[in-house]
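Make one complex out of these two single chains by using the hints.
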Amino acid sequence: MSRRVSYLRSTRNEEEAALTCAAWAPRPASDRDGPSSLLVFARGSGKDGNNSDVLNGLHVAEYDFDKDNLSDTICAVNTEDGIPLRIAVHPKGDGVLCSFSNSFKLFDIQTVGSARLKASDSQLSPLQGIGMQNCITFDRDGLLLATGGKDGHVRVFQWPSLVLILDEPKASKSIQDLDISLDSAYLAATSEDKGCRVWEITTVKVVADLIPGKEEKFSYCRFSRDGKLPFLFVSSTESKKGGAVGVWDLSDWSKVGYKKLSAFPISSLAVTRDGKYIGIGNSKGDVAVVNVKSMAVYRRFGSAHVAPVTALEFSKQRRALLSVGAESTAHVNVIEKWEWKDWQLYSIVLILILFSALLFWLFFESTMSDDFWQFPMGRSQPAHPPPEAIWGNPNWENAAGKEL
Amino acid sequence: MGTTDPSSFEVLGALDRAKTQWYHFTTIVIAGMGFFTDAYDLFCISTVTKLLGRLYYYDPSTGKPGSLPPNVSAAVNGVALCGTLCGQLFFGWLGDKLGRKKVYGYTLLLMIITSIGSGLSFGHSAKGVISTLCFFRFWLGFGIGGDYPLSATIMSEYANKKTRGAFIAAVFAMQGFGILGGATVSIVVSAAFRNAFNTPIFTVDPVGSTPPQADYVWRIIFMLGALPAACTFYYRMKMPETARYTALVAHNNKRAALDMGRVLQVDFTNINESNTLTTTKQEYGLFTTQFAKRHGLQLLGTTSTWFLLDIAFYSQNLFQKDIFTAIGWLPSAKKMNALEEVFRISRAQALIALCSTVPGYWFTVAFIDIVGRWIIQLMGFFFMTLFMLILALDYYPLRGQPCPKGFCGGNHITFVVLYAFTFFFANFGPNATTFIVPAELFPARLRSTCHGISAACGKAGAIVGAFGFLYAAQGQHPGEPDPGYPTGIGVKNSFIGLAVINGLGFLMTFLVPETKGRSLEDLSGENEAAKEPSNTTVQSA
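Keeping their order, the protein sequence lines are chains A and B. Under UniProt numbering, the residue at position 263 of the first sequence is numbered 263, and the numbers go up by one with no gaps. Under UniProt numbering, the residue at position 291 of the second sequence is numbered 291, and the numbers go up by one with no gaps.
Isolated chain B, as found in the complex (with noise of 0.2 Å):
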């Protein structure tokens, strides 16, 4: 049982009429520079590990650049999607129990440390280099994971009531700059290392074609992330906890009215101190039945919309090599020297990015205050649905036959169009909102938590999407997997998957309420107790 008097909630109703002012802005940067750090490092992982495979994997008997085994580039891939996911869990309880601010430097810390560490390697040997690559990047998404719960939490807690979708959508669509950083960082230093050392391709010369130098490619890529995040370490220590956090877990008013005085321009003249009726009210943990009766099918949904979205959003990437092999962005392998691959690779992605990913965000910025993130959610499953059916039923006459120059015949412009507009409305539908929504369900004392679950259930599907469909889109006949892989179901059936997958997205989005323009303590029943005093009596005389 607990108090919350009603003056914590004048105080919190200051904040949701706040105007939209500077600091709002200024939190988005500080909150979104986690995710701009995490896209970042999703982002470049598909280009060093094509370099890695150069470096460290490169058979002359084979006669083919080197490659990632199925297993090693699962492991460097998939490890730091395991760590997102632990870290998305511990953090977002970390986040309820010592408050969002305090841990909320140590995940930023965290991915400092680990970004820098991911570019060292301890030891002599090429096993050392990958090892300590997957251990770093283990730890990173451990850090990774926790700005997921405290970023979306911080921000639904910071902003008011009008714009509060946006704020975090904004937050979130700092992704896409992390995508786009990422590639400029990639294109720059790759280019500088492409025209320092004049290599040629790999038909001509298979050992020159991957200078040795290139090793230290993928380490300042990776080692230049941390920048932005370091440059961000000193205000995030700066931020003050959250009015919502103080006021109704650690049950501090006056506090949460300094706090929030300090950094935005609320007036708090109107609050009453001496409340004149203090309430009682159950304060239900998470495994309770309460909680389960209140909040048990919200979390289902926002659990689900997610699990779901995150099979179809990460598997996307798969048929990426195709598209680009067929609009001519990217030559075959054999056609190009390890830097050149890197720069090709990225200007390819920071392209998709630039005209899908990147307007996804921003619409959903743009709109989640005007038609709600029920509708966009609602509409991006309904078009990841179509889109992936159409891919999936017209997939070889779009693409074409592979042919020298890579994909002959097909409708190249149908096919990136089609590709382009998955990703597009991927962010400017679930991507987006499933990340916003479960930021602004729960009640305070668990909103991180819950977050925190939703998240990990995202990546848990995320893992599913990388790698479950990455062995399914294999070939249905032997001697069609790529080399290392069993045969799967094919491409095919695995986009019919993925639709059924959208499908369910969009089902599942009926379980999760509208939370356009409605305060947080409404959404979570913090204020009933306020308005019944009545039935709040825990006892009478």
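Only chain A is shown next, with the shape it has when bound in the complex (with noise of 0.2 Å):
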């Protein structure tokens, strides 16, 4: 089974920016992938630039999952603000949000026609000198913004009103990774000294604090995406044992499972709108997609990238696997390729046995056989010798017909 990846890189020279993060900003109203889907790339080069180079920006490309090719930039815009740390695409085709060292700026997509950024109007002022933030997410729907700060503070936005309703100055030192469940009741967060807490959104209450084992570690974080498989999902790293994805039960928040993945700490988790799968990056640059029923690899893309892989997500119907590594580089790596299945191959042999077999029994069993092998004795020449022959029945004559 071949494996297909394209690669946006940047190049190695120092002038040129360098990717932060990127994104599928897919056309809202779809649920399907569609023939492409636009990516959004965040780029920076830690200096001020206001030439005609976009130093610091958000760049657009497009993606042709049938030809599997990625674009050039189509667009690109100068984030005037400084490096893009952290973006998030709203679901419902509100923007891209992105977040700088200490302020936030949204830029409306066009994807009608020719794709375009643009730099909102809106000036989000709730969240400007919120400080950095680790990681922003809005939920499924898109009516709340999830951030987790540098500072180890959590807020909870009501979208696009940016209304604070969940408020958490000291959740723990730095936060790590975030995440808001498929119903948007709940909010997980791991961070590195008090592993995970998770809050109901609603009541603002702390429902439960996952605390990692002895010289284990917890990660990252997200909610399952099926809503018949209620799960919480937090890769951890134990000492010298690689990386391992816990699974824990919403209902009870008992850790129904556990699992070792990766021989090396896991760096980035995704998940599939659908929840059947999740996605692996970890420290050596290796992604992979799990299949969550078996909790068993389904595909691996050893070495995607030489460097810690810093982020993943899944396209809408999860038929590509886009990864950014640390080195700077992106990849979309297609996992919904359609191949053939191995059963299906060997049925196409068995069914075209069985068809030759009738074929063959039809011509058998037709006259036109018997012109063409011409026996001597025409159609019902007996099969020769029966075995009585053999062993000297002296009546072998009156058995001729028996079969063999």
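Hints in this document: simulated from the structure, not taken from any laboratory. No false leads were mixed into what you were given.
A short, non-exhaustive set of chain A residues, derived as facing chain B with CB atoms under 7 Å:
#, residue
1, Trp340
2, Phe375
3, Pro376
4, Ser380
5, Ala383
Derived DSBU-like pairs (lysine-lysine); straight-line CA-CA distance at most 30 Å:
#, chain 1, residue 1, chain 2, residue 2
6, A, Lys217, B, Lys254
7, A, Lys341, B, Lys102
8, B, Lys102, A, Lys259
9, A, Lys293, B, Lys102
10, B, Lys102, A, Lys276
11, A, Lys67, B, Lys97
12, A, Lys214, A, Lys173
13, A, Lys260, B, Lys101
14, A, Lys217, A, Lys194
15, A, Lys341, B, Lys97
16, A, Lys259, A, Lys217
17, B, Lys101, A, Lys341
18, B, Lys254, A, Lys341
19, A, Lys67, B, Lys293
20, A, Lys67, A, Lys276
21, B, Lys97, A, Lys276
22, A, Lys240, A, Lys293
23, A, Lys228, A, Lys92
24, A, Lys276, B, Lys254
25, B, Lys516, B, Lys102
26, A, Lys293, B, Lys97
27, B, Lys238, A, Lys260
28, A, Lys255, A, Lys276
29, B, Lys254, A, Lys260
30, A, Lys341, A, Lys316
31, A, Lys293, B, Lys101
32, B, Lys254, A, Lys293
33, A, Lys259, B, Lys254
34, A, Lys92, A, Lys276
35, A, Lys341, B, Lys238
36, A, Lys316, B, Lys97
37, A, Lys67, B, Lys254
38, B, Lys254, A, Lys241
39, B, Lys254, A, Lys240
40, A, Lys240, A, Lys214
Even for Gly, the Cβ is constructed at its ideal location relative to N, Cα and C.
In structure tokens, the structure reads:
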């Protein structure tokens, strides 16, 4: 099974802007991947440049699923506020939210006609000046925005009104990752010192504190996107044992599973939109897609990057997996390319054999075959010889016609 | 687009440099067993058709031993060739899709089952016997066809750079042992039956010359063909996937290194897992302009040479009958009984195989990595053309005129020597090289498909050679052709045609590059990306 990957990489030139993060920006109205999808890449060089080169900015490229082809940058926009650190694409098409070292900016994305990015007019004043954020994410409906600060401050805002509905200033020393559940009821946040903490968003109460074992460190968390499997996946690293993913049940917060999936620490985690698969990226740059039901690796993309995988995101129908490496490259790994399955191929052989047997039988039964074989005694010439002939039965002529 | 990171080339480089070791020889036997079975069955069918004719087509009114009518003979002989052609295309493609190892066991299983099946018959009638035989032989051919691309690919991907040609040739040379194995079994079985049933010759007792027990002879011969294949089945299933497939197609270097470390003593210690640069390269498919540009002419070369060779190679059997009769190895059919005929034909064919075919195979094994494939192929085609021309121009003087003893006059020694040399230079020549080169030229993800396509073209040539020329070689005037055949262009003209075909093969060889001593990745261009990372960037910021 061939693996096909599309690359987007920066050149090694120091003057060029390094890739910081990337996300799918699918056309909002559609639930499908469509023939192609847009991708947003954030690049930053650390310099303020007002010349024509976009040094700190967002770039849009288009990925064609069928051709497995990633286009050149279609359009780029200067962010002006410095290096774009994190981006979150609004699921309903409100735009791309971009966080900087101490500010936020929203960019409208025009997906009809030729794609175009444009800085939005909205000021996002409640978001400005809240410090550096390690992670920002929208919930599935695009009605909530969660941010996890480098200073350990967790916030949940309503979108687009930006009313602060959950505010935890001292959730931990520093938030590593957070995620909002499928029904927008829970917020989970991981940190190196406090493990994984889960809030109920409406009541603003901590409902669970998932504590890592000794010598274990939690890193990333994702809620399942499958309504029938209400799980929370938390990746963890046990010293010297590599990366594993633990699974918790949302109903009683009991740990239902734990599986070592990588020889190296897991450095990013993603869930497909149907929740059937999770994606993991490790510190060696390998990417793998894991089947949730069996918790077994379904497809592995060895050495997708040469540095830790820093971000992973599945396309809408999990046909492709976007991964970003710390060496400033982004890859699109095709997962759901239509391939022949083993059993299909073997059943083709079987069907061919049966079909040929049928043809042989039809030919055998038809009178055409008598003309073809031209037996001197015609159609009913006996098979020669009957077994009795061998064993000396004198009446073998009478037994002619017996099956061998 | 795809990635091939340099560390996979380090894994494969380690394989290329690996010392020749015991597992290589084991692989030759495991991979070669398909060819053993292939040759065994192809060989046996010519003796079996004689026997079937006597058993099922004896018509007392003709006063001659029964023989298969032309169309039945063509069906029994040709159905396996058609199956082989289909199998080569199908399994060749499958070998690239699923991996060589995965499919490899199934082709052998198919061969075993169908070999046994061809010895059995459904129903109570003679029609049932022949129909069943044709059915199973088609699928036997299908399995054999699958073995061509897979064996070649597996062997070329296992081998090291220095002795790769010899290893693939050695797999192919198992055909020689298949012929000898088939001959031995036929000789032993027919001799045993001949001694057990003291049967008179045809002219003395037309009916008694074909004892009913002879029906078991061909069944036993066919079924015993499954035995060597069945013996290697277990080892075939245990074989690991080739490192080149795992690393270049499935992209799993660690697995490739692990698999190879299991069976071969290869030093992987200097393989750097954390490579510094990832490169991308277009992974073009078979029906792309890029493939056409890069490998198009090569594929044309490998397919056309194989096609042309097999026309000549498979039609050589046509004048076998005359040869054997000329040197007195084969009395006329009337002067033998059925078992004697099987015995005589087997012995004659075994002698030819032993003296010309088998040495030809092993000459190739010995010299292919010294003089190279290209020279061998060119030389083979040249001498085949030469000897064919001599035979064509001097056929009747050499053979002599029909007389009661067979053929009188003529120069029988020269006749046989020329004949044996054409066989020798077919095998120490294009027959081996057309098999080897397609397994080396193409990129790993298309290697077995391309080998399958080339091999299928070869089989198409075999069908043309075996049947086209069977009809073509018949006499030009009414009454001359063998019973049941229409008039043809005559033996002499057929030979001239074959000489021309060999000459064409000589010319087409110029499309095929030399592969001696080069690594597979070098030949297919798969390591170019690793060498020149500058032009691999799909997009830069």
